[in-house]
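Asks: Here the protein sequences come in this chain order: F and V. Quick note on numbering that gives the first Met the number 0: the first sequence kicks off at 0 and runs consecutively. Quick note on numbering that gives the first Met the number 0: the second sequence kicks off at 0 and runs consecutively.
Be aware that one or more of the hints could be misleading.
Which copy? The list can't say, so a pair holds if one copy fits it or any two copies do.
[Stated by the list, open to error] Mimicking EDC-like on lysine to aspartate or glutamate, the simulated pairs with C-alpha atoms at most 20 angstroms apart in a straight line are: (1) 339 / 264; (2) 416 / 252; (3) 381 / 264; (4) 420 / 40; (5) 420 / 50; (6) 323 / 287; (7) 188 / 343; (8) 367 / 239; (9) 265 / 287; (10) 441 / 179.
Source of the hints: derived by calculation from the structure; they are not laboratory data.
Number of protein chains: 2
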Amino acid sequence: MNRRDFSLRLAGAVGALSLGGLPPAAAHARGRPQRPSVMVDGDRINRHLMELAEFGRNPYGGVSRVAYTEFDRQGREYVMGLMREAGLEVSIDVAGNIIGKRAGSSPALSPILFGSHIDSVPDGGNYDGDVGVLSSIEVARTLRARGHVTRHPIEVIVFQNEEGGTIGSRAFVGHLPDKDLDLVARSGKTLRDGIRFLGGDPSRLSTLHWKTGDYTAYVELHIEQGGTLDAERLDIGVVEGIVGIGWWDVTIDGFGNHAGTTPMDKRRDALLAAAKYVQMVNRVVTAEPGRQVGTVGKIQAFPGAPNVIPGQVQTTLEIRDLDKSKIVRLAQQVMDEARKIGAENGTTFTFRETYLSEPAMMNPAVQKVIEASATSLGLSTKYLPSGAGHDAQYMAQIMPTGMIFCPSVGGISHSPKEFTKPQDVVNGANVLLQTVLALDAK
Amino acid sequence: MNRRDFSLRLAGAVGALSLGGLPPAAAHARGRPQRPSVMVDGDRINRHLMELAEFGRNPYGGVSRVAYTEFDRQGREYVMGLMREAGLEVSIDVAGNIIGKRAGSSPALSPILFGSHIDSVPDGGNYDGDVGVLSSIEVARTLRARGHVTRHPIEVIVFQNEEGGTIGSRAFVGHLPDKDLDLVARSGKTLRDGIRFLGGDPSRLSTLHWKTGDYTAYVELHIEQGGTLDAERLDIGVVEGIVGIGWWDVTIDGFGNHAGTTPMDKRRDALLAAAKYVQMVNRVVTAEPGRQVGTVGKIQAFPGAPNVIPGQVQTTLEIRDLDKSKIVRLAQQVMDEARKIGAENGTTFTFRETYLSEPAMMNPAVQKVIEASATSLGLSTKYLPSGAGHDAQYMAQIMPTGMIFCPSVGGISHSPKEFTKPQDVVNGANVLLQTVLALDAK
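Between the sequences and the hints, there should be enough to build the whole structure, so can you do that?
Replies: As structure tokens, this is what we get:
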């Protein structure tokens, strides 16, 4: 099924979200939305969040549950237990992703996939990834508790090593080349050893290559890492897409010289040029309307002594936007302006592109389903881009994909301070439940 | 003898520089300067420069004759051989400095000291230090060859480890505290072990504490590391003083955050503040007339990833000037302006002074002697500060001190590209010779 077909088919489902729980037939009643009666057990999700937080817990708060570590393995064991309690048939694919399956009533239909990840960055928090995984399991458990059998098979997925480069989701769609398996992950293990450690089989990765048509849709609930929902006191974010990312290594060459003996007007100071560059990037990126962001995150001056005029500076450029052509255009503008800075103080700029990812647009029909689901629950919504990468960006390559954001206080993530209010977690889970049901209702 | 006395006594000597070689009485002939007849052997100095260059020679040019290494030891052996050939009585003081002595005709007079250093930075050149040492030995050799006995004893000194913090000259005037002996030098040896390696006795350093009155004067010939003489095609620099140096460690605290999800207007980017800081330092330092210099030579952003907004930047500030109050005032201005930058983008600046050295003024009478010596040789001169530190700055604490600069092409130093034309070396050596004779003539 290509995306266009899916969009057309979904169009009928939108507005039919007041499925009102069981029996499923009720989901098809048209007219003014009424509050759905099937809801997740909010206390249970939040309890599970606290329980999962034990694996890799740090004394100062948060967790370090880095992929391929013992804490990661323990967390996965815990989650697999929850999946079994939810009546899911649990397996680990060759890439090490955990999948919990439940059959649907129409064997010809391809599954609806939903989930997220439970690995964390070092010194991370308890919501990034976890909220999506535990809510997905809760959705499956709720459906089972209510005796509701979906038409499509459902599959809850826990992608492995999202934080270390969306490894599990890349493998899922066949985008993890064999040569990458020798890369060393944060755990110290290579990806190959890590996959083996999780129960996967790296030698059979090529057999895992899901394609368009294999799945009906993918939905991921995740905390919003940008703080927009929290700042604007909104309940649910409907993700329009995951931004593309461009990275450049930037080298600025001047002339290193003695800081004591070289008069100010005789200098070709690479750091002075770098200072102008950093400000210029900020100016170029903010000069036009839009939600593009541009960042200089890394800088080093050489030789790097207080008493030597820097002869070289190595720095970076990152630009993100939902529109790849905008990324490329802004980068070009930065390069042009950099050339002028160089000409002014006798330095030269060299840009080397190191990464340029495609923006991943979320499926418009799934976006509408998510919005309608939230509205049916009385929740406020906002359409927004995801500035961070997610497993969903790879799912979007082979199936209609949607992401649901719930607020993160202050937009803080990758930090022990990461926090999503219990009610916001529950809201997100209920929107996920209604979205799955609406997608299933077709 | 205090400096004032010395200045008065020297006043009579200025203008008497056409001493015209031997017999010494001729030096006292007054009237229009005539070209001195006693001159160094220029070919010999330049040949010695090339010979010394062999010890620590790098395949790509220049030398790495780092203090306390085997190459340093070999270079010192070579130089001690030259000293003996020049008729000097060679010894190594407890600090590891090499001293070559020759008695004067008036035993009551305190010695005239001249010299420099032969250690280099890693990947250094063949002129910084070497020119002064080899010219000093040549001056002694010339006097001996001409049978000229000075009134004052003369002492040629090779200070050890100038490049690693003017260690030998500091020890010479009692400014090397015992605790510093455990510092590790570039060679990997501690200063204590390095001094022992050179034949000194670190346990007896306290016995080496020359005081005001012990010496008549110190004169050092050195290449000019600033390029002013070369740019203005001048022969000789008369050094007015060695600048004071202030160093500050600067920490800028912002808020580290996800570069993808944090909108541009919600950032407290420490590197953006640092960029403004670097430009501001340049602006403040160049805003007023004078030869002060200000440099930001070191910078690092934390966490330092292309996709994270820097939460902290660690950088530096260095200001140099002949006037210490100007250094302090400019630093205060930088701190005030930094506070404004911080207030604008939600970051805070912290400055920590790590070093503040006193400017070392050269003795005005010695300066005049140097100028007159150069003029008598038909050489053009310019009064200028030394932006770099030299052993002379410690000598200036206990005796009237002067420095003679000869041009370095392009002002390049601490580099294999360091080069002083043979004739400029010879000019410097002849000015040193005439200066020593004039000082001796009182």
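Asks: Could you run down the list of hints and mark each one as holding or not?
Replies: The hints, checked one at a time:
no. : hint      : result
1   : 339 / 264 : within (18 angstroms within a copy, 26 angstroms between copies)
2   : 416 / 252 : between (40 angstroms within a copy, 18 angstroms between copies)
3   : 381 / 264 : between (53 angstroms within a copy, 19 angstroms between copies)
4   : 420 / 40  : within (15 angstroms within a copy, 87 angstroms between copies)
5   : 420 / 50  : within (16 angstroms within a copy, 77 angstroms between copies)
6   : 323 / 287 : within (16 angstroms within a copy, 47 angstroms between copies)
7   : 188 / 343 : neither (47 angstroms within a copy, 44 angstroms between copies)
8   : 367 / 239 : within (10 angstroms within a copy, 78 angstroms between copies)
9   : 265 / 287 : between (36 angstroms within a copy, 16 angstroms between copies)
10  : 441 / 179 : neither (38 angstroms within a copy, 79 angstroms between copies)
In the structure shown, a violation is registered for the earlier hints numbered 7 and 10, in ascending order.
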